[in-house]
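Chain residues, written in single-letter form:
There are 2 protein chains.
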Amino acid sequence: MVGIDEIRNAATRIAPYIHRTPVLTCRTLDERVGGTVFFKCENLQKVGAFKMRGAANAVFSLDDATAARGVATHSSGNHAQALARAAALRGVPATIVMPRTAPAVKKRAVAGYGARIVECEPTLAAREATLDEVVQRTGAAFIHPYDDERIIAGQGTAALELLDEVPRLDVVMAPVGGGGLLSGTALTVAALAPGARTIAAEPAGADDAARSMAAGEIIPSMDPDTVADGLLTSLGTRNFPIIREHVAAIWTVADEAIITAMKLTWERMKIVIEPSSAVCFAAAMEHRDELEGCRIGIILSGGNVDLDRLPWQEKR
Amino acid sequence: MVGIDEIRNAATRIAPYIHRTPVLTCRTLDERVGGTVFFKCENLQKVGAFKMRGAANAVFSLDDATAARGVATHSSGNHAQALARAAALRGVPATIVMPRTAPAVKKRAVAGYGARIVECEPTLAAREATLDEVVQRTGAAFIHPYDDERIIAGQGTAALELLDEVPRLDVVMAPVGGGGLLSGTALTVAALAPGARTIAAEPAGADDAARSMAAGEIIPSMDPDTVADGLLTSLGTRNFPIIREHVAAIWTVADEAIITAMKLTWERMKIVIEPSSAVCFAAAMEHRDELEGCRIGIILSGGNVDLDRLPWQEKR
Chain S
-2 MVGIDEIRNA ATRIAPYIHR TPVLTCRTLD ERVGGTVFFK CENLQKVGAF
48 KMRGAANAVF SLDDATAARG VATHSSGNHA QALARAAALR GVPATIVMPR
98 TAPAVKKRAV AGYGARIVEC EPTLAAREAT LDEVVQRTGA AFIHPYDDER
148 IIAGQGTAAL ELLDEVPRLD VVMAPVGGGG LLSGTALTVA ALAPGARTIA
198 AEPAGADDAA RSMAAGEIIP SMDPDTVADG LLTSLGTRNF PIIREHVAAI
248 WTVADEAIIT AMKLTWERMK IVIEPSSAVC FAAAMEHRDE LEGCRIGIIL
298 SGGNVDLDRL PWQEKR
Chain B
-2 MVGIDEIRNA ATRIAPYIHR TPVLTCRTLD ERVGGTVFFK CENLQKVGAF
48 KMRGAANAVF SLDDATAARG VATHSSGNHA QALARAAALR GVPATIVMPR
98 TAPAVKKRAV AGYGARIVEC EPTLAAREAT LDEVVQRTGA AFIHPYDDER
148 IIAGQGTAAL ELLDEVPRLD VVMAPVGGGG LLSGTALTVA ALAPGARTIA
198 AEPAGADDAA RSMAAGEIIP SMDPDTVADG LLTSLGTRNF PIIREHVAAI
248 WTVADEAIIT AMKLTWERMK IVIEPSSAVC FAAAMEHRDE LEGCRIGIIL
298 SGGNVDLDRL PWQEKR
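Going down the list, the protein sequences come from chains S and B.
Residue numbering for the first sequence follows the numbering used here, beginning at -2 and increasing consecutively.
Residue numbering for the second sequence follows the numbering used here, beginning at -2 and increasing consecutively.
Okay, chain S solo, but in the shape it has when bound (with noise of 0.2 angstroms):
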């Protein structure tokens, strides 16, 4: 079981490959949300997201002789992007399987980094099937983008380092995919903030997180469709446990209102955060009621947008 204890000593661990983020507040922002937000600018982080806490975490935490063969996930996001960078710091090898039809932005990026990308069709069988056959072939250990420990415990890392920088949170904030951040952000904020609450949000495009939370059990994200590209998942069933036992509310929010947050945040905080990170901020702002003077952690998940394709200039 994961737990505060390995959440700290991921922190030590990976603390020479990451950047401490820093933690940013805006008197605009504020006034949308009637309390003072405070934001963990995981988008600041290397990779340009909070992956390569439990990336590094994940790679650095392999004995030398498995770490030899290699690292492998299949992942078109940021966890590729911060799998091949921790293997690379490693000096190992990292292959990443992709849809083909993945952005070329982003599989540029992967190579940039120095992975070996292996394309595959679009689908979840095709995807597995592709890394099992890397896996056999190659040795190489298979770091899940979050449904594994050592990846919630690398995630935990943001909101260890958010908390020590703000005393006396009421509400710590962070978005739901696979649930790897927000499980690690949860069991966090319960170790040592336990007056604080960890609230989850996710687009309504894909509420699979507050349908598995209402049903007791996972249900699995269909056909997700949201701007919020980084959400589309299912939970993961390591994850799902911790955030039922640790999560206080799940909330849902449309795609035209994480679209306004995440200019907004652009705008008046002048960090570019992708559609996935405003969707906290988004939900925030819609129930200030219950917001209302608090003081409110917002861990800020990535930054990596298509700079030629803005999601506010885009005809949807």
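Derived from the structure by calculation, the hints contain no laboratory data.
It should be emphasised that the depicted structure is a prediction, and the values quoted were computed from it without experimental measurement.
Do not take every clue at face value.
A pair counts as met if it fits within one copy or between any two copies, since identical chains are not told apart.
[Unchecked claim] Distance condition first, Cα-Cα at most 20 angstroms in a straight line; then the derived SDA-like pairs of lysine to any residue: (1) K103 to E214; (2) K260 to A106; (3) K103 to R306; (4) K260 to L307; (5) K260 to E289; (6) K260 to R17.
Please arrange chain B on chain S, whose structure you already have, making use of the hints.
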């Protein structure tokens, strides 16, 4: 004469009203310059620009009787917003003379900070005449955007924080328009890091500072044409002698390179900077032979951008 004591006093005076902005680094951007670059993020400053430092210093330097009559300036840029905000913080009126052709978004921002806007024809003569009329009628204190010792001292506090946080810099870079930021930066560096060189950068399409340095006298900016709209003005009479004494070089750079540097900064550093902020990094990339192995501080001046009109999307 403004010197390091005035800059230190300014830092103390304005501390309650400004952000101590983070210093960010990025491996990818380092590689483009061949050195290690420490970006002082004044785009994350209040009102989105370093201008808040000088404006706060000027406004909070006034004695109560003078302050009560208010402050005034002519500006359509970041100084207007900064002065409006600083006056609001002190609880005194601000009047901003703006050309009637100024973008609506800038007028809204200034009005949003509670200032009164007086419109004028878009000529320097009309600006000055309108401002004179305001000052005569209200008794407001005119706070020049850059040709003012209180402003110079305030702007110098960004470099003060940078040098405090980052030891052993070889070079400190700032963009130059009127010279407020550059002169304050150069004074701070000369006093506290005498082994470091202050180097300025400006757009090739507004290269009056480089020409002034070469000529040994102020050459006014005539018909400047550049995407870096914060750097159009001519050097101030109080700024030029400081720059002449303490600035080692002024590098000019084409708009295309500025836009490339701006986009790269957004993409890899995940921060929103305005074109004027990208000029130093653009110049640093072009001068990498001279910067190889150096530790370089770059002051990112601001992040006020129209997100619906990004320069890499415009037909130019």
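*Intra- versus inter-copy proximity for E289 and K260 (alpha-carbon distance at most 20 angstroms)*: neither (23 angstroms within a copy, 37 angstroms between copies)
*From the Cα coordinates, with 20 angstroms as the cut-off, is the pair K260 and A106 best called within, between, both, or neither?*
Classified as between; 16 angstroms across copies, 24 angstroms inside a copy.
*asked:* As a check of your reading, is K260 near L307 (CA-CA no more than 20 angstroms) within one copy, between copies, both or neither?
replied: both (9 angstroms within a copy, 13 angstroms between copies)
*Within, between, both or neither: K103, E214 at alpha-carbon 20 angstroms*: neither (33 angstroms within a copy, 51 angstroms between copies)
*Taking 20 angstroms as the upper bound on the Cα-Cα distance, should K260 and R17 be classified as within, between, both, or neither?*
Answer is neither; intra-copy 25 angstroms and inter-copy 24 angstroms both fail.
*How do K103 and R306 come out at 20 angstroms by Cα distance, when the copy is not named: within, between, both, or neither?*
within (14 angstroms within a copy, 25 angstroms between copies)
Comparing the model with each earlier hint shows violations of hints 1, 5, 6; every other hint is respected.
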